Every structure is written in structure tokens, then in C-alpha cells.
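Assemble the complex: chain E is given as a structure, and chain S must be docked to it using the hints.
Those protein sequences? They're chains E and S, same order as listed. Taking our numbering, the leading residue of the first sequence gets 2, the next gets one more, and so forth. Taking our numbering, the leading residue of the second sequence gets 13, the next gets one more, and so forth.
Treat the hints with care, since some could be wrong.
Unchecked claim - Listed below are several chain S residues computed to face chain E (Cβ distance under 10 Å; list not exhaustive):
id: 1; residue: TRP39
id: 2; residue: TYR43
id: 3; residue: GLY54
id: 4; residue: ALA62
id: 5; residue: ALA64
id: 6; residue: ASP65
id: 7; residue: PRO73
id: 8; residue: PHE102
id: 9; residue: THR107
id: 10; residue: THR113
Claimed, not checked - Cβ-to-Cβ under 7 Å is the rule here; a few derived chain E residues that face chain S:
id: 11; residue: PRO45
id: 12; residue: LEU47
id: 13; residue: ASP50
id: 14; residue: ARG52
id: 15; residue: ARG99
id: 16; residue: PHE102
id: 17; residue: GLY105
Stated by the list, open to error - Derived SDA-like pairs (lysine to any residue); straight-line CA-CA distance at most 20 Å:
id: 18; chain 1: E; residue 1: LYS23; chain 2: E; residue 2: ASN4
id: 19; chain 1: E; residue 1: LYS43; chain 2: S; residue 2: LEU51
id: 20; chain 1: S; residue 1: LYS69; chain 2: E; residue 2: ASN97
id: 21; chain 1: E; residue 1: LYS58; chain 2: E; residue 2: SER75
id: 22; chain 1: E; residue 1: LYS104; chain 2: S; residue 2: ASP50
id: 23; chain 1: E; residue 1: LYS104; chain 2: S; residue 2: GLU71
id: 24; chain 1: E; residue 1: LYS38; chain 2: S; residue 2: LEU51
id: 25; chain 1: E; residue 1: LYS43; chain 2: S; residue 2: GLY15
id: 26; chain 1: E; residue 1: LYS43; chain 2: S; residue 2: GLY109
Bear in mind the hints are in silico, worked out from the structure with no lab data behind them. None of the values given here were measured: they were computed from a predicted structure. Beta carbons are placed, not taken as given, at the ideal position from N, Cα and C, and that holds for glycine.
Chain residues, written in single-letter form:
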Amino acid sequence: GENVEQHPSTLSVQEGDSAVIKCTYSDSASNYFPWYKQELGKRPQLIIDIRSNVGEKKDQRIAVTLNKTAKHFSLHITETQPEDSAVYFCAEDYGNNRLAFGKGNQVVVIP
Amino acid sequence: DAGITQSPRYKITETGRQVTLMCHQTWSHSYMFWYRQDLGHGLRLIYYSAAADITDKGEVPDGYVVSRSKTENFPLTLESATRSQTSVYFCASGTGGIGYTFGSGTRLTVV
Numbered sequence: 002g003e004n005v006e007q008h009p010s011t012l013s014v015q016e017g018d019s020a021v022i023k024c025t026y027s028d029s030a031s032n033y034f035p036w037y038k039q040e041l042g043k044r045p046q047l048i049i050d051i052r053s054n055v056g057e058k059k060d061q062r063i064a065v066t067l068n069k070t071a072k073h074f075s076l077h078i079t080e081t082q083p084e085d086s087a088v089y090f091c092a093e094d095y096g097n098n099r100l101a102f103g104k105g106n107q108v109v110v111i112p
Numbered sequence: 013d014a015g016i017t018q019s020p021r022y023k024i025t026e027t028g029r030q031v032t033l034m035c036h037q038t039w040s041h042s043y044m045f046w047y048r049q050d051l052g053h054g055l056r057l058i059y060y061s062a063a064a065d066i067t068d069k070g071e072v073p074d075g076y077v078v079s080r081s082k083t084e085n086f087p088l089t090l091e092s093a094t095r096s097q098t099s100v101y102f103c104a105s106g107t108g109g110i111g112y113t114f115g116s117g118t119r120l121t122v123v
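One chain only, chain E, in its complex shape:
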């Protein structure tokens, strides 16, 4: 099945602090987990992804961690900046390249 939950729904952080968004999934067969960022009025854009054979992946200020046993994965943003304000979606590949998305987290970076 495909059921992805994201927490918290809204996250406010001071500029320069870190933000963490957690997602849980139900399909133990899933092996690919991307994160998308969507700015207001724009398309979702892939920012980072992770496969099930890797526990952590970093790209500059963002990182993703995966715990397959607990079936959750998290997005970490360090040294947040105003341009990080957006809605972030996690997703899981549930077969045939189909992605099931969470409902999104609104991240607000306060200058």
C-alpha cells in the first residue's frame, strides 16, 4: 500500500537555526524516497533523495536520513535562510516508478 505521513504540518524556525521534517511510510517494499520543495505558485522541485541501501545522504545544507526498520525518513535543513521558506513534500516509490506523496510541511523561516 501507499500511505505517507508528514509531521509537523507547519514549522517555524529562526533564520540560522535547523529545521527537521519527519515522514513515516507503510510499504516495507518501498526503496526510494525523494523530497520535493514547492514555493508558492511554483512547481514541486526535487531537492534530495535517498535509496533504501543508504542511511544518510547530504547535499550542502540539506540532508536526508532513513530508518527502514522504523519506516521513517527525515529532511534536515541546517543554517536556514529565508529562501528555504516553502512547502516540503516527502514521497515514496510504491512500484513502477509511482510516487505517493505526503500532504506537505509548510516551513517558515523568520528573519
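Here is chain S on its own, set in the frame of chain E:
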């Protein structure tokens, strides 16, 4: 990304009318997808296609029809539009095994 384009960007139609949303990609990606985005529901898969002439239903296919006679095009048709189909529609494409790229979206209003 200029490689995947949707048209029109905005559309207002009346209940009961047929409307077609267009999606065109220039990468020769094998996979193409249609998602709808609604507040509180995130992104939900309507239909997807693994290759030309191969299409399959997603999570919310009722009221929609797709075709894929050419690899680069994946039109979505609302056979008889209803108010519940008012939404933002995103087309996406990918090669399989990795996150895909979304188009700019079509904002459809059914009155």
C-alpha cells in the same frame, strides 16, 4: 525546466464540458504522470504511463481519460467536468528509478 511544458496555464470551464490539458516533454522520458494538487490532500496520482501506448490508473482516476500515442505527449481529458475537479494539475516525467520533473501546472476552475 523548459523540457516539460503544460498548457494552458489557467483554464475556466463550465460544469459538464469536456476539457483537455496538454503535457509535452522533450527528454524522451519513458514515464509520464498526472497529479492533482488540492489543499489538505497534497499531490494525488490520477494516471500514469510507463511508455507510449501503456497507461494505467492511479489513486484518483474517476472522471479522467488519458492517452499516449507518442512518447513526448500525455494529454489528460476531463470528459464531463465537475466542480470537484477544480484543482491544480501537474504533469511530470522521468526515466524510472529516480525522482521526476514536474511541469509548471494548470490551474483549472470548473464553474
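Here's how the hints hold up against the structure:
1. With its C-beta approaching chain E no nearer than about 14 Å, TRP39 (chain S) sits outside the 10 Å limit, and its interface hint is violated.
2. A distance limit of 10 Å between C-beta atoms decides the matter here; for TYR43 (chain S) the minimum to chain E is near 5 Å, and the interface restraint holds.
3. At about 4 Å, the closest approach between the beta carbon of GLY54 (chain S) and any beta carbon in chain E falls short of 10 Å, and the interface hint on this residue holds.
4. With its C-beta approaching chain E no nearer than about 6 Å, ALA62 (chain S) sits inside the 10 Å limit, and its interface hint holds.
5. Annotation: interface hint on ALA64 (chain S) violated; nearest CB of chain E at approximately 15 Å, more than 10 Å.
6. A cut of 10 Å between beta carbons decides the hint on ASP65 (chain S): the least distance to chain E is about 16 Å, and the hint is violated.
7. Annotation: PRO73 (chain S) was flagged as interfacial toward chain E, and the flag is violated, the nearest CB pair being 13 Å apart, outside 10 Å.
8. Here the hint on PHE102 (chain S) is kept, as its CB sits about 7 Å from the closest CB of chain E, short of 10 Å.
9. With 10 Å as the threshold, the beta carbon of THR107 (chain S) comes within range of chain E, its nearest partner Cβ sitting at about 9 Å, so the hint holds.
10. Checking THR113 (chain S) against chain E by beta carbon gives a least distance of about 7 Å; that is within 10 Å, so the hint holds.
11. The restraint placing PRO45 (chain E) at the interface with chain S holds, with a minimum CB-CB distance near 5 Å, inside the 7 Å limit.
12. Against a cut-off of 7 Å between C-beta atoms, the interface hint on LEU47 (chain E) holds, since the closest Cβ of chain S lies about 4 Å away.
13. For the restraint placing ASP50 (chain E) at the interface with chain S, the shortest Cβ-Cβ distance is roughly 5 Å, inside the 7 Å limit, so the hint holds.
14. Interface restraint check: ARG52 (chain E) against chain S, minimum CB-CB distance 9 Å, threshold 7 Å, status violated.
15. Evaluation of the ARG99 (chain E) hint against chain S yields a held restraint, the C-beta minimum of about 6 Å falling below 7 Å.
16. For PHE102 (chain E), the interface hint holds, the least distance from its beta-carbon to any beta-carbon of chain S being 4 Å, beneath 7 Å.
17. Hint status for GLY105 (chain E): holds, given a least beta-carbon distance of 5 Å to chain S, under 7 Å.
18. The suggested pairing of LYS23 (chain E) with ASN4 (chain E) holds, with an alpha-carbon distance near 14 Å, which does not exceed 20 Å.
19. Pair hint LYS43 (chain E) plus LEU51 (chain S) holds up; C-alpha atoms about 15 Å apart against a cutoff of 20 Å.
20. About 12 Å separates the Cα atoms of LYS69 (chain S) and ASN97 (chain E), which keeps this hinted pair within 20 Å; it holds.
21. The straight-line distance between the Cα atoms of LYS58 (chain E) and SER75 (chain E) is roughly 11 Å, inside the 20 Å bound, and the hint therefore holds.
22. With a C-alpha separation of about 9 Å, the suggested pair LYS104 (chain E) and ASP50 (chain S) falls inside the 20 Å cut-off, and the hint holds.
23. Taken as a hint, the LYS104 (chain E) and GLU71 (chain S) pair is honoured in the structure, with Cα atoms around 14 Å apart against an allowance of 20 Å.
24. With a CA separation close to 16 Å, the supplied pair LYS38 (chain E) and LEU51 (chain S) stays within the 20 Å bound.
25. Of the supplied pair hints, the one linking LYS43 (chain E) and GLY15 (chain S) holds, its CA atoms being roughly 16 Å apart against a limit of 20 Å.
26. For the proposed pair LYS43 (chain E) and GLY109 (chain S), the alpha carbon gap of about 24 Å is over 20 Å, so the pair is violated.
Of the numbered hints stated above, those contradicted by the structure are hints 1, 5, 6, 7, 14, 26, listed in ascending order.
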